[in-house]
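From just these sequences and the hints, can you work out the full model?
Chains C and X, in that order, give the protein sequences.
For what it's worth, the UniProt record's numbering labels the leading residue of the first sequence as 1, then goes sequentially.
For what it's worth, the UniProt record's numbering labels the leading residue of the second sequence as 1, then goes sequentially.
If you are wondering where the hints come from, they were derived from the structure by calculation, not from laboratory data.
All of these numbers come straight from a predicted model, not from anything done at the bench.
No residue lacks a Cβ here, since even glycine has one placed at the ideal position from N, Cα and C.
Don't take each hint at face value.
Here chain C is said to cover these stretches of chain X; the calculated rule only asks that three of the stretch's residues, wherever they fall, bring their Cβ under 8 Å from a Cβ of chain C [claimed, not checked]:
id : segment
1  : 240-253
2  : 287-293
With beta-carbon atoms standing in for the labels, derived distance ranges [what the hints assert, rightly or not]:
id : chain 1 : residue 1 : chain 2 : residue 2 : range
3  : X       : GLU292    : C       : ALA283    : 33 to 39 Å
4  : X       : ALA12     : C       : LYS301    : 46 to 52 Å
5  : X       : SER65     : C       : ASN314    : 55 to 61 Å
6  : C       : SER57     : X       : GLU211    : 18 to 24 Å
7  : C       : ARG112    : X       : GLU255    : 51 to 57 Å
8  : C       : ASN253    : X       : PRO147    : 38 to 44 Å
9  : X       : GLU203    : C       : GLN28     : 55 to 61 Å
10 : C       : GLN28     : X       : LYS204    : 33 to 39 Å
11 : C       : ASN254    : X       : LYS204    : 26 to 32 Å
12 : C       : ASP27     : X       : ASN240    : 33 to 39 Å
2 protein chains.
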Amino acid sequence: MSTIQNERILLASRPKGVPTAENFTIDQQPLEDAKEGQLQIQTLYISVDPYMRGRMSEAKSYAASYALNEPVSGGSIGKVLQSNDSRYQEGDIVVGGWGWQRYAVVDADTCRKVDPELAPISTAVGVLGMPGLTAYFGTLRIGNPQPGETLVVSGAGGAVGMLVGQIGKIKGCRVVGISGSEEKNRYLLDELGFDAVINYKDEKPVREALEEACPDGVDIYFDNVGGEISDAVIDLLNTNARIPLCGQISLYNNEKPDIGPRIQPTLLKRTVLLKGFLVGDYAADAAEGLKEMGSWVKEGKLKYRENVIEGFENTPQAFIGLFSGENLGKQLVKVTD
Amino acid sequence: MSTIQNERILLASRPKGVPTAENFTIDQQPLEDAKEGQLQIQTLYISVDPYMRGRMSEAKSYAASYALNEPVSGGSIGKVLQSNDSRYQEGDIVVGGWGWQRYAVVDADTCRKVDPELAPISTAVGVLGMPGLTAYFGTLRIGNPQPGETLVVSGAGGAVGMLVGQIGKIKGCRVVGISGSEEKNRYLLDELGFDAVINYKDEKPVREALEEACPDGVDIYFDNVGGEISDAVIDLLNTNARIPLCGQISLYNNEKPDIGPRIQPTLLKRTVLLKGFLVGDYAADAAEGLKEMGSWVKEGKLKYRENVIEGFENTPQAFIGLFSGENLGKQLVKVTD
Chain C
1 MSTIQNERIL LASRPKGVPT AENFTIDQQP LEDAKEGQLQ IQTLYISVDP
51 YMRGRMSEAK SYAASYALNE PVSGGSIGKV LQSNDSRYQE GDIVVGGWGW
101 QRYAVVDADT CRKVDPELAP ISTAVGVLGM PGLTAYFGTL RIGNPQPGET
151 LVVSGAGGAV GMLVGQIGKI KGCRVVGISG SEEKNRYLLD ELGFDAVINY
201 KDEKPVREAL EEACPDGVDI YFDNVGGEIS DAVIDLLNTN ARIPLCGQIS
251 LYNNEKPDIG PRIQPTLLKR TVLLKGFLVG DYAADAAEGL KEMGSWVKEG
301 KLKYRENVIE GFENTPQAFI GLFSGENLGK QLVKVTD
Chain X
1 MSTIQNERIL LASRPKGVPT AENFTIDQQP LEDAKEGQLQ IQTLYISVDP
51 YMRGRMSEAK SYAASYALNE PVSGGSIGKV LQSNDSRYQE GDIVVGGWGW
101 QRYAVVDADT CRKVDPELAP ISTAVGVLGM PGLTAYFGTL RIGNPQPGET
151 LVVSGAGGAV GMLVGQIGKI KGCRVVGISG SEEKNRYLLD ELGFDAVINY
201 KDEKPVREAL EEACPDGVDI YFDNVGGEIS DAVIDLLNTN ARIPLCGQIS
251 LYNNEKPDIG PRIQPTLLKR TVLLKGFLVG DYAADAAEGL KEMGSWVKEG
301 KLKYRENVIE GFENTPQAFI GLFSGENLGK QLVKVTD
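Written out as structure tokens, the structure reads:
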């Protein structure tokens with residue numbers, strides 16, 4: 001047994017509405033050694049992602065609910081301290097799902113090696129990780145973008161959204177981003193080459209702004225947010241439009257099911273395809289996706305942005321910040337150098 | 001010029017809510033001769049279909065709005081009186097889109113020959129026509145039914161719905177039909193081999209009846225009706241379920257957009273595919289579909305039912321009857337023998 005004390009952030013209670021610091025607690029445990037086939041890891045970065053909110057509820061969802069009084073799981077990046085698996089050695093950088101812990105002992109099979117020469121290691125939970133592949137497969141496999149088409153993405157300033165828009169540009173689309181901040185929108189326009197941006201907090205109704213930004217209607221709507229923003233976009237869909245349904249962040253913290261105009265009549269009249277998806281649906285093609293995303297990053301066609309918060313103990317605050325709509329790009333926590 | 005007087009039923013005004021007899025009027029016109037490449041036809045059967053309600057409105061839809069004071073167009077079957085096209089001769093039976101007229105002169109290219117030896121000619125607007133192909137492509141191409149899966153179809157006693165259920169049975173699914181009449185449900189259970197039926201007019205809530213009828217959840221929901229019935233089915237969808245979105249008859253006569261629970265959170269969590277579709281989307285494969293449907297009819301695997309109303313002048317009433325939920329099977333009008 002090593003003498004290291006591990007710190008873990010546990011889900012203490014299920015959030016009602018927006019999560020608060022009180023929903024989480026920290027404990028300490030002696031760190032175990034790596035058994036056969038296992039790795040002992042020191043965490044360097046922790047990823048916080050909107051989908052985690054769903055797992056904090058008990059409701060039936062695509063991923064199992066988090067257990068109370070257990071560490072919150074999710075993507076993390078770490079350095080191997082001890083390896084009991086022939087494929088890894090001490091000092092290797094790996095990404096896995098051990099979540100909100102300073103250290104972890106995990107089965108080597110649940111990890112993937114990260115090449116620090118290829119890109120900064122933090123990208124393994126960003127552009128070259130789950131959010132990157134989510135943008136990649138959702139946009140390409142469901143959105144199927146064609147040159148000259150109009151792609152609208154909501155949550156455009158988030159980790160997934162800003163990649164979706166850039167992939168749309170690579171494929172020759174007119175790209176329109178919707179976010180809730182002028183700073184984000186400026187970045188999308190000036191740095192990422194979006195064709196138009198809409199601030200949903202502006203006085204002008206989203207529907208009106210969309211009509212100006214999408215004179216030829218909307219062919220692809222990559223939906224990260226749901227709610228009234230999506231209602232407005234769906235109104236403008238063209239015949240044979242596609243909706244990669246990726247997130248509904250505007251609704252995650254609702255206590256009751258939300259009511260809105262029924263979308264089926266429009267989806268029927270315009271013969272629209274809508275597909276809810278998870279990055280895991282495309283696990284078999286992940287290596288191919290990472291390769292192409294990596295080459296786009298290298299060629300400068302795909303830029304990414306990280307919002308790094310320092311300090312393990314600030315992980316809950318970093319997570320809670322996802323729901324204020326203020327973070328630009330991929331939100332992550334730097335635990336140690 | 002022939003001496004025949006043609007009678008035509010025109011759209012006199014756009015319906016508000018459920019269509020009434022006052023929305024239609026009859027005129028008379030001398031029948032013209034067939035010019036080069038044309039056929040002069042006497043109508044034998046007229047098809048009335050729910051989608052026509054959409055075309056009577058001015059709203060943007062998949063098909064152009066009907067013009068006022070013009071004959072209502074749609075599927076009709078007729079006998080060739082004069083042919084000016086080498087592929088057709090007098091006496092041939094054809095199906096085309098000339099609609100609510102006793103006679104018509106049409107381009108031969110817009111017609112398809114019907115083989116009276118293969119099946120009763122009325123099937124050319126039913127099981128071996130538009131409704132049949134709608135059921136075929138929606139169920140197979142979007143629904144993608146697998147043995148042991150549960151398929152739920154709403155509007156199950158209608159022209160499309162009863163074929164959907166039977167195709168589901170051919171593919172080895174548990175099939176549950178929802179309709180609004182005991183007579184229809186009895187027929188679906190006793191004659192067509194549905195596994196369970198639900199009468200949405202029963203006292204028992206549809207949701208509760210569905211839970212009993214679908215102990216393993218719902219894998220395919222073929223939606224003909226929309227509204228609260230669809231809300232209940234969507235609640236019970238399994239992971240990776242599919243929704244061929246074919247009709248929304250419960251909403252067609254609404255004057256205002258309908259409000260209901262947002263479906264995107266469920267479609268996201270269960271990674272559902274929803275596709276609005278039109279039979280025309282599969283036009284390239286229509287011959288293949290007709291061949292397989294024809295062989296199923298011949299083998300007795302696929303039964304069909306027609307609700308035939310006699311008399312050209314009763315066409316508007318036959319159409320209006322579609323919205324009372326009382327008609328069993330394909331609704332059509334017999335104009336003459």
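Hints, one by one, checked against the model:
{"no.": "1", "hint": "240-253", "result": "holds (count 5)"}
{"no.": "2", "hint": "287-293", "result": "violated (count 0)"}
{"no.": "3", "hint": "X:GLU292 - C:ALA283: 33 to 39 Å", "result": "holds (35 Å)"}
{"no.": "4", "hint": "X:ALA12 - C:LYS301: 46 to 52 Å", "result": "violated (59 Å)"}
{"no.": "5", "hint": "X:SER65 - C:ASN314: 55 to 61 Å", "result": "holds (59 Å)"}
{"no.": "6", "hint": "C:SER57 - X:GLU211: 18 to 24 Å", "result": "holds (22 Å)"}
{"no.": "7", "hint": "C:ARG112 - X:GLU255: 51 to 57 Å", "result": "holds (56 Å)"}
{"no.": "8", "hint": "C:ASN253 - X:PRO147: 38 to 44 Å", "result": "holds (41 Å)"}
{"no.": "9", "hint": "X:GLU203 - C:GLN28: 55 to 61 Å", "result": "holds (58 Å)"}
{"no.": "10", "hint": "C:GLN28 - X:LYS204: 33 to 39 Å", "result": "violated (55 Å)"}
{"no.": "11", "hint": "C:ASN254 - X:LYS204: 26 to 32 Å", "result": "holds (29 Å)"}
{"no.": "12", "hint": "C:ASP27 - X:ASN240: 33 to 39 Å", "result": "holds (37 Å)"}
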